[in-house]
Amino acid sequence: MRFLCLHGHGTNSRILETQLELLRATLPCSWEFEFLDGEFDAAPAPGVKAIFPGPYLCYHGEPIPKDVQHAHNLVLDVIREEGPFDGVIGFSQGAALAAAFIARQADISPSEEFFKVAVFIATSMPFDLDGDRIRLSYDGSSNLSAVQIDAEGQASHDDQCDWLEDCRSASVIQEFEGRRPSTGELKHQNIEILLRYHPSTHSQRIRIPTVHVVGIKDSYAEQGRDLALFCEPRKTQVVTHSGGHELPRDVGTVARVGEAIQVAVERVGFDV
1 MRFLCLHGHG TNSRILETQL ELLRATLPCS WEFEFLDGEF DAAPAPGVKA
51 IFPGPYLCYH GEPIPKDVQH AHNLVLDVIR EEGPFDGVIG FSQGAALAAA
101 FIARQADISP SEEFFKVAVF IATSMPFDLD GDRIRLSYDG SSNLSAVQID
151 AEGQASHDDQ CDWLEDCRSA SVIQEFEGRR PSTGELKHQN IEILLRYHPS
201 THSQRIRIPT VHVVGIKDSY AEQGRDLALF CEPRKTQVVT HSGGHELPRD
251 VGTVARVGEA IQVAVERVGF DV
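Quick note: the sequence shown uses full-length UniProt numbering, first residue 1, plus one each step.
Some hints could be false.
Quick list of in silico lysine-lysine cross-link-like pairs, DSSO-like style, CA-CA up to 27 Å [to be verified]: (1) K49 <-> K217; (2) K116 <-> K235; (3) K235 <-> K217.
Bear in mind the hints are in silico, worked out from the structure with no lab data behind them. The structure presented is a predicted model; accordingly, all values stated were derived computationally and were not measured.
Make the full structure from the sequences, and use the hints.
Below is the structure:
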């Protein structure tokens, strides 16, 4: 088994390699793990700078189409150049990118299977590169509006959706709001962002065996559970732990995650 491993926002591949040490110790020693760095600089993730040196990286910043497309191209390029890979392991943004890549490639290249197994740890919901987009607009004060736009960037005239509350956009807007300057520093601004996949709005499902690791104290826990619903239920395993947005480190949970991964691998015919 060869796994491609994708790190979280504001970390890097060396950090993820360290984070996965306990989990890898539960898996067959013959398995291989390749780590891919993001190509955008980022602020260090919470708690990371005090422990790990930089650079601190991400696969994309705000979910704007060209940057997310760049992230997809990066994954595809490494598969073409260094693959094939049998599975993918993603943490946080890396997990969301892996899920988005799998879902999108199933649509545009259905004859190709880039991964046979996927492991999503502390994930958020992935962004739909080919779906609807919205334009966020600030008027120079605290007022924010959001409107659906088409492929040419034109606003929809029959948009009846409350994008500030919609399951595909609410969390994205909340995160963006948390990063914008204080009201006194605001200027008029427009930004076009992608929407997230969601099991209630998208009929497609990820069909390969998947393992989902969700911390009950993680602010992204609901999105982690939603991603499990976005996958084929008969091939989905969810491992819940008592922590937050992190890779679990207690021996029992790590063992359960390792066992789940081996079950997923067995389902696609690999000996473990």
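Original post:
Checked against the structure, which of the hints given earlier come out wrong?
Top reply: none
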